[in-house]
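**Q** Sequence:
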Amino acid sequence: MENTCENIQEQIPELITGALPAEKTDELQQHISQCPACSEYLEALQADDKLLSEFAEVMQPKITRLENNVIDVLDGVASKKTDNSVSIVSTIIKGPFIKLAVAAVVIITVFSVL
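Residue 58 in the UniProt record's numbering sits at position 58 of the sequence shown, and the numbers go up by one each step.
Please note: incorrect hints may appear among the correct ones.
Said to hold, decoys possible - The list that follows gives simulated cross-link-like pairs (lysine to aspartate or glutamate, EDC-like), each with its CA atoms no further than 16 Å apart: (1) K99 with E57; (2) K99 with D75; (3) K99 with E67; (4) K24 with E14; (5) K24 with E10.
Unchecked claim - Pairwise CB distance ranges, derived in the manner of DEER restraints: (6) T17 with V73: 32 to 38 Å; (7) E10 with S53: 19 to 25 Å; (8) F111 with D75: 47 to 53 Å.
Keep in mind that the hints were calculated from the coordinates and are not lab data. Here the structure is a predicted model, which is why all the values come from computation and not from measurement. Every residue gets a Cβ at the ideal spot worked out from N, C-alpha and C, and that includes glycine.
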């Protein structure tokens with residue numbers, strides 16, 4: 001594989017996502033059409049992209065349930081009143097972004113485990 005192929009292959013993810021300008025896209029597609037190694041690399045990345053998209057689609061209901069469970073638990077904790085002292089935990093839980101932050105952490109954790 002030539003140095004040109006390495007440069008092309010570094011840009012193939014952008015080609016797949018449509019992030020390249022038209023001129024660069026044409027240049028890459030021309031090279032790929034003539035280079036078996038880069039063509040194979042493109043096909044492999046497209047296959048991976050398809051599998052990941054399908055996986056995310058299948059996992060979405062489970063992730064949504066998990067997010068909802070976390071939010072329900074946080075709501076339960078926030079609604080419980082402790083004695084008149086204000087705890088740091090309840091102050092944090094009542095923050096406006098904590099539910100989203102926890103849901104994001106859960107999602108990242110789920111995807112990193114899988």
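**Q** All hints are to be evaluated individually against the structure, with a verdict given for each.
**A** Consistency of the hints with the structure:
no., hint, result
1, K99 with E57, "violated (22 Å)"
2, K99 with D75, "holds (9 Å)"
3, K99 with E67, "holds (9 Å)"
4, K24 with E14, "holds (10 Å)"
5, K24 with E10, "holds (13 Å)"
6, T17 with V73: 32 to 38 Å, "holds (36 Å)"
7, E10 with S53: 19 to 25 Å, "holds (22 Å)"
8, F111 with D75: 47 to 53 Å, "violated (24 Å)"
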